[in-house]
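Participant: Listed below are the residues making up each chain.
There are 4 protein chains.
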Amino acid sequence: MAIRIFITGGTFDKEYNELNGELFFKDTHMHDLLEMGRNKVPVAITTLMLIDSLEMTDKDREWIVHQCRQCAENKIVITHGTDTMAETAGVLAKNIKNKTIVLTGAMIPIKFGSSDGLFNIGGALAFVQSLQPGVYVAMNGRYFNWDNVRKNKDTGIFEESK
Amino acid sequence: MAIRIFITGGTFDKEYNELNGELFFKDTHMHDLLEMGRNKVPVAITTLMLIDSLEMTDKDREWIVHQCRQCAENKIVITHGTDTMAETAGVLAKNIKNKTIVLTGAMIPIKFGSSDGLFNIGGALAFVQSLQPGVYVAMNGRYFNWDNVRKNKDTGIFEESK
Amino acid sequence: MAIRIFITGGTFDKEYNELNGELFFKDTHMHDLLEMGRNKVPVAITTLMLIDSLEMTDKDREWIVHQCRQCAENKIVITHGTDTMAETAGVLAKNIKNKTIVLTGAMIPIKFGSSDGLFNIGGALAFVQSLQPGVYVAMNGRYFNWDNVRKNKDTGIFEESK
Amino acid sequence: MAIRIFITGGTFDKEYNELNGELFFKDTHMHDLLEMGRNKVPVAITTLMLIDSLEMTDKDREWIVHQCRQCAENKIVITHGTDTMAETAGVLAKNIKNKTIVLTGAMIPIKFGSSDGLFNIGGALAFVQSLQPGVYVAMNGRYFNWDNVRKNKDTGIFEESK
Chain P
1 MAIRIFITGG TFDKEYNELN GELFFKDTHM HDLLEMGRNK VPVAITTLML
51 IDSLEMTDKD REWIVHQCRQ CAENKIVITH GTDTMAETAG VLAKNIKNKT
101 IVLTGAMIPI KFGSSDGLFN IGGALAFVQS LQPGVYVAMN GRYFNWDNVR
151 KNKDTGIFEE SK
Chain X
1 MAIRIFITGG TFDKEYNELN GELFFKDTHM HDLLEMGRNK VPVAITTLML
51 IDSLEMTDKD REWIVHQCRQ CAENKIVITH GTDTMAETAG VLAKNIKNKT
101 IVLTGAMIPI KFGSSDGLFN IGGALAFVQS LQPGVYVAMN GRYFNWDNVR
151 KNKDTGIFEE SK
Chain U
1 MAIRIFITGG TFDKEYNELN GELFFKDTHM HDLLEMGRNK VPVAITTLML
51 IDSLEMTDKD REWIVHQCRQ CAENKIVITH GTDTMAETAG VLAKNIKNKT
101 IVLTGAMIPI KFGSSDGLFN IGGALAFVQS LQPGVYVAMN GRYFNWDNVR
151 KNKDTGIFEE SK
Chain G
1 MAIRIFITGG TFDKEYNELN GELFFKDTHM HDLLEMGRNK VPVAITTLML
51 IDSLEMTDKD REWIVHQCRQ CAENKIVITH GTDTMAETAG VLAKNIKNKT
101 IVLTGAMIPI KFGSSDGLFN IGGALAFVQS LQPGVYVAMN GRYFNWDNVR
151 KNKDTGIFEE SK
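Protein chains in written order, with the numbering used here: chain P, 1 to 162; chain X, 1 to 162; chain U, 1 to 162; chain G, 1 to 162.
No lab work stands behind these hints, which were simulated from the structure alone.
Mixed in with the good hints there might be a few duds.
Just so you have them, the derived chain U footprint on chain P, three or more residues with Cβ under 8 angstroms [what the hints assert, rightly or not]: (1) 88-100; (2) 109-119.
Using 27 angstroms as the maximum straight-line C-alpha spacing, the simulated DSS-like pairs for lysine-lysine come out as follows [as the list claims (entries may be wrong)]: (3) 111(G) / 153(X); (4) 26(U) / 59(U); (5) 111(X) / 153(G); (6) 26(G) / 26(P); (7) 111(G) / 111(P); (8) 40(U) / 153(G); (9) 59(G) / 162(U); (10) 111(P) / 111(X); (11) 111(U) / 94(G); (12) 59(X) / 99(X); (13) 26(X) / 153(U); (14) 94(G) / 40(G); (15) 40(X) / 162(P); (16) 111(U) / 40(X); (17) 94(G) / 26(G); (18) 153(U) / 111(U); (19) 26(U) / 40(X); (20) 111(X) / 111(G); (21) 153(X) / 94(G); (22) 40(U) / 111(G).
Just so you know, even glycine gets a beta-carbon here, dropped at the ideal spot from N, CA and C.
Turn these sequences into a full structure, and let the hints steer you where they fit.
Facilitator: Structure below.
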């Protein structure tokens with residue numbers, strides 16, 4: 001069965017607006033990344049929202065939970081802003097069992113030259129295929145259980161929270 | 001314990017010689033890739049050789065086996081040319097037990113704009129952390145057991161051989 | 001004699017701060033660009049300031065005029081934010097005669113993948129070598145006299161103002 | 001009137017064939033480059049041939065001369081392999097007067113990350129707009145008269161031949 005990929009936004013998909021110098025969302029770059037990676041794992045990509053994760057509401061997270069629960073696939077990758085990725089992971093873990101869900105994102109927009117996005121999506125797709133059911137964050141080459149992860153705001157690096 | 005990364009060459013590390021228009025090896029780009037991916041998994045990188053895998057000899061493969069066996073780490077990623085990656089995987093599997101070894105590479109040199117190398121190394125690092133001991137090939141977002149993989153020469157895609 | 005290159009900032013040299021998602025200045029990327037372009041025209045690069053051109057003051061422009069006047073070279077390229085590039089060109093034209101001064105910049109930061117910066121600096125260096133003394137803006141592959149140029153705020157394109 | 005751009009091939013437009021590891025021609029990348037540069041100079045692009053300049057024959061050069069002579073535009077940019085760029089410039093100069101013709105190319109294919117192609121085309125377009133009628137080579141940020149240029153085979157740098 002295919003792997004479901006849900007897009008929620010975050011730095012991963014931000015673009016530079018050359019008229020006003022601000023970052024904005026237009027569309028996901030997931031298809032381009034998977035093509036660049038010559039990915040042949042069957043995937044089904046759905047864009048749930050394209051927002052900065054600092055602006056993600058409880059309602060948004062309910063929607064993500066709902067989509068993860070109702071989709072046919074039991075292996076799910078979610079792209080997500082890094083600032084509240086751990087929080088969303090917690091909400092998912094409390095509501096969904098028996099599926100392997102891996103959240104990932106990027107520190108640098110994919111559209112910018114030196115993004116970590118391609119590395120991270122390569123890792124997330126691998127982890128979702130090989131880890132036991134559960135909710136995980138995959139960043140910095142590592143995976144973390146949902147209840148033992150935080151983003152270090154000073155360094156931008158994900159680390160154990162316990 | 002750190003993950004051992006052995007470099008053997010392949011398209012992954014090829015560069016363009018602007019004086020004669022040929023591809024050549026100078027040094028591995030693994031460090032740059034891991035930096036771009038903001039990798040924080042402890043790794044120890046050793047360049048065993050920098051060769052086209054079509055030119056890899058039995059002697060070279062013995063050397064790779066020897067290095068994999070004698071190193072302290074039991075999780076090993078090997079970068080390798082795609083043409084004989086499956087063959088080297090077979091030699092490793094027959095000689096080494098109790099270690100997780102993941103071979104990966106690239107169809108496009110990392111130094112060229114649209115390489116799959118960053119995606120592949122992200123996947124290989126994830127697979128080596130999460131798969132059981134054994135020898136695997138990680139390409140195209142997928143992983144293959146050493147005894148069930150071949151590169152389709154017409155498409156450049158890795159697939160099951162059975 | 002060398003061509004003098006004065007750096008003043010602008011989108012050209014902005015970078016993405018991955019900790020707070022904002023754009024900022026660290027250093028000029030001019031040296032990298034000239035190396036990528038295999039430039040062999042003798043140049044002397046001086047960073048006068050690294051600011052957004054919307055924040056450029058009269059005092060800043062006086063400083064640029066002073067530097068252009070006092071430097072030994074009579075061919076000068078200035079990198080500058082696009083929003084007030086035409087204004088600075090006007091100030092320079094009123095104060096400096098007998099030198100060829102070409103202002104250029106970028107709509108997309110050089111550090112991002114798809115910048116126009118390398119194209120623009122290639123053009124600016126060519127124009128400064130071949131145009132008569134005067135003050136010009138070089139953008140969009142074209143050159144404009146200082147008194148007949150404006151940036152169209154709606155399109156981001158430079159055009160004649162008369 | 002528009003600037004005519006004639007494409008003849010060279011490293012500029014080479015691509016990497018990931019199935020056999022060789023470089024080949026598919027199509028010109030000129031349109032992508034001009035879009036990236038936000039070029040607004042009217043241009044008319046014609047691909048005359050896509051060949052390695054070491055394989056360019058007298059017949060090919062006749063064809064280029066014919067096209068340059070018969071086209072309506074009197075400002076012409078020609079992309080060309082670097083190895084025999086100076087030779088073609090000489091043939092053009094002996095056959096065409098009253099037009100400004102600028103030959104340029106690249107040391108690294110545009111499709112590879114670190115190409116000088118965007119810088120060179122930015123320069124060539126600027127030189128063709130500002131130089132007197134004649135035949136020139138524009139490389140390394142400089143322009144050379146057709147009768148005083150050669151490529152240094154050891155360094156890959158263009159220099160005066162006298």
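Participant: So which of the earlier hints does this model not fit?
Facilitator: 1, 6, 9, 11, 13, 14, 17 and 21
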